[in-house]
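*Asks:* Listed below, chain by chain, are the residues.
There are 2 protein chains.
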Amino acid sequence: MATSTVENYLKHILLLSAEGEELVPMGALAEALAVVPGTVTTMVKALADSGQVEHRPRQGVRLTAAGRRVALNVLRKHRLVECFLVNVLKMDWAAVDTEAEQLEHAISDEVLDRLDALLGHPETDPHGDPIPSRHGQLDSQVYATLATCVVEKALRIVRITDQSAEFLQFAVQNGLLPGETVRVTERNLASGLVTAKKITGRPLALGLAAAGKILVQPTR
Amino acid sequence: MATSTVENYLKHILLLSAEGEELVPMGALAEALAVVPGTVTTMVKALADSGQVEHRPRQGVRLTAAGRRVALNVLRKHRLVECFLVNVLKMDWAAVDTEAEQLEHAISDEVLDRLDALLGHPETDPHGDPIPSRHGQLDSQVYATLATCVVEKALRIVRITDQSAEFLQFAVQNGLLPGETVRVTERNLASGLVTAKKITGRPLALGLAAAGKILVQPTR
DNA sequence: AGATTTATTTTGACTATTCAAAATAACCGA
DNA sequence: TCGGTTATTTTGAATAGTCAAAATAAATCT
Ligand SMILES: [Mn+2]
Ligand SMILES: [Mn+2]
Ligand SMILES: [Mn+2]
Ligand SMILES: [Mn+2]
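Going line by line, the protein sequences match chains A and B.
If you're matching positions, the first sequence starts at 1 in this note's numbering and goes up one per residue.
If you're matching positions, the second sequence starts at 1001 in this note's numbering and goes up one per residue.
What the hints contain is simulated information worked out from the structure, not anything from laboratory work.
What you are looking at is a predicted structure, and each value in this text was computed from that prediction instead of being measured.
Among the hints, erroneous ones may be present.
[Stated by the list, open to error] Derived DMTMM-like pairs: lysine to aspartate or glutamate, alpha-carbon spacing no greater than 25 Å straight-line: (1) B/K1090 <-> A/D109; (2) B/K1090 <-> A/E110; (3) B/K1197 <-> B/E1186; (4) A/K197 <-> A/E152; (5) A/K213 <-> A/D162; (6) A/K198 <-> A/D162; (7) A/K213 <-> B/E1166; (8) B/K1090 <-> A/D162; (9) A/K90 <-> B/E1186; (10) B/K1090 <-> A/D113; (11) A/K90 <-> B/D1116; (12) A/K153 <-> B/D1109; (13) A/K90 <-> B/E1123.
Using the sequences provided together with the hints, build the complete structure.
*Replies:* Below is the structure:
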């Protein structure tokens, strides 16, 4: 029923509202969807009429329960498709987001379930992003990032939160992949510079913004 | 570039022009696409403007070389996706056409190539329909059907030319699948009745129209 | 408070795709 | 050759989604 435009709006509202409550500003949504703000206002009013979102004029949007259900299903498709593309078709880690952006609207729930089984019910996609369960549960654990973690401690990378091919390529080239172990050796808030080191490797310098996109966890 | 609407128009024109030359009547196209004839006239004129088809007013449409290239690529996607759904995901033979109808517009050429390799470069889809090659070659062999074949001779089913779930379910239930061997024991043009028999099985009666949808080949 | 900047909404217009219904052309039998 | 099907095209209108630019409200800064 929902067009792929509607699915994209709902998915991005979900993604931009980190956990549940918050109102997503219209401008942020416009930027995420690459449309002008006026377009978002128009569409959001339509989505509100169909009961998928709540629109607080001048403040932002938030998903209704119905809208959230749709959004989670689309997100589940997106991430499972990425798993399939990487694990089965051996596609480039950095390229699959673009592919999944289309496929998430084209696969049925039936295909979704079979893909899920084929892949062995994965819990995260290739970038470490959690896959919503078939019943709409989404892991919302908060992780430290290379910009906020303790210094001089070995940490496991769990997730890369930037889907752009450019950033992902940078990550691959420097071995910053989910599962790898790193240690921040230096962090200078003033200069905005973070230095990280993999167990076996030369020190790597990156800016605070980039460091903040790499989520880590204590190694157990 | 081409929207999925455009891709569907081109694909159906290809399908309706059996081999190359013939003009496809506007009405036939309208029926295949499940839109009213006026819509087809409008769209076909637009497709002609963009150089994908040639429109002979009051006579029909035909693909240009450019349009044919697009159509073959979509058809290749459709049929390879069907192979994937049946062979890898073990989906119902009768249901995959509907799924592929969407997926054919969502997968990239890159994914297409990898699927093709994963499947071992199949030559036909699960219904026996030939898969266009990566370079646009489409097998156009003409086969006999249960409505036209010689009587009392063992023949191998090579293809079922009706994508509807209804007909395909009927075919499965009676074991009329590509690869199976059948023999027409009786054919009465006047009554429009054909009786076929599998090696191991009771005689099966079907109408001429249905019989014409089952393509066969001499067993070698 | 008053002026300025910034975010959001409105307005008017455009593209793509579709339908209903009326107009027209082509074909066909008598 | 005329009148009646039948197929196709036209016309007018609708829906979904989008943009540019102007209007407005809210927030921020003297
Ligand atoms: Mn998408
Ligand atoms: Mn991802
Ligand atoms: Mn299609
Ligand atoms: Mn098929």
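*Asks:* Against the 25 Å threshold, does the CA-CA distance of A/K153 and B/D1109 hold or violate the hint?
*Replies:* violated (44 Å)
*Asks:* Against the 25 Å threshold, does the CA-CA distance of B/K1197 and B/E1186 hold or violate the hint?
*Replies:* holds (10 Å)
*Asks:* Would the pair B/K1090 and A/D113 pass a check requiring their Cα atoms to be no farther apart than 25 Å?
*Replies:* With a Cα-Cα distance of about 12 Å, the restraint between B/K1090 and A/D113 holds, given a limit of 25 Å.
*Asks:* Does A/D162 sit within 25 Å of A/K198, going by the straight-line distance between their CA atoms?
*Replies:* holds (20 Å)
*Asks:* Has the given pair, A/K213 with B/E1166, been kept, meaning a C-alpha gap of at most 25 Å?
*Replies:* violated (51 Å)
*Asks:* Would the pair A/K90 and B/E1186 pass a check requiring their Cα atoms to be no farther apart than 25 Å?
*Replies:* violated (52 Å)
*Asks:* Hinted pair, alpha-carbon criterion (25 Å max): B/K1090, A/D162. Please report holds or violated.
*Replies:* violated (34 Å)
*Asks:* Given the hinted pair A/K197 and A/E152, is their alpha-carbon gap at most 25 Å?
*Replies:* holds (9 Å)
*Asks:* For B/K1090 and A/E110, compute the direct alpha-carbon distance and say whether it is at most 25 Å.
*Replies:* OK: B/K1090 and A/E110 at ~11 Å, within 25 Å.
*Asks:* Check the hint pairing A/K90 with B/D1116 against an upper bound of 25 Å on the C-alpha distance.
*Replies:* holds (13 Å)
*Asks:* Starting from A/K213, check that the Cα of A/D162 is at most 25 Å away, please.
*Replies:* Measuring from Cα to Cα gives roughly 6 Å; hence the hint holds.
*Asks:* Is B/K1090 close enough to A/D109, meaning Cα to Cα at most 25 Å?
*Replies:* With Cα atoms ~15 Å apart, B/K1090 and A/D109 stay inside 25 Å; holds.
Figure legend: structure checked against the earlier numbered hints; hints not met, in rising order: 7, 8, 9 and 12.
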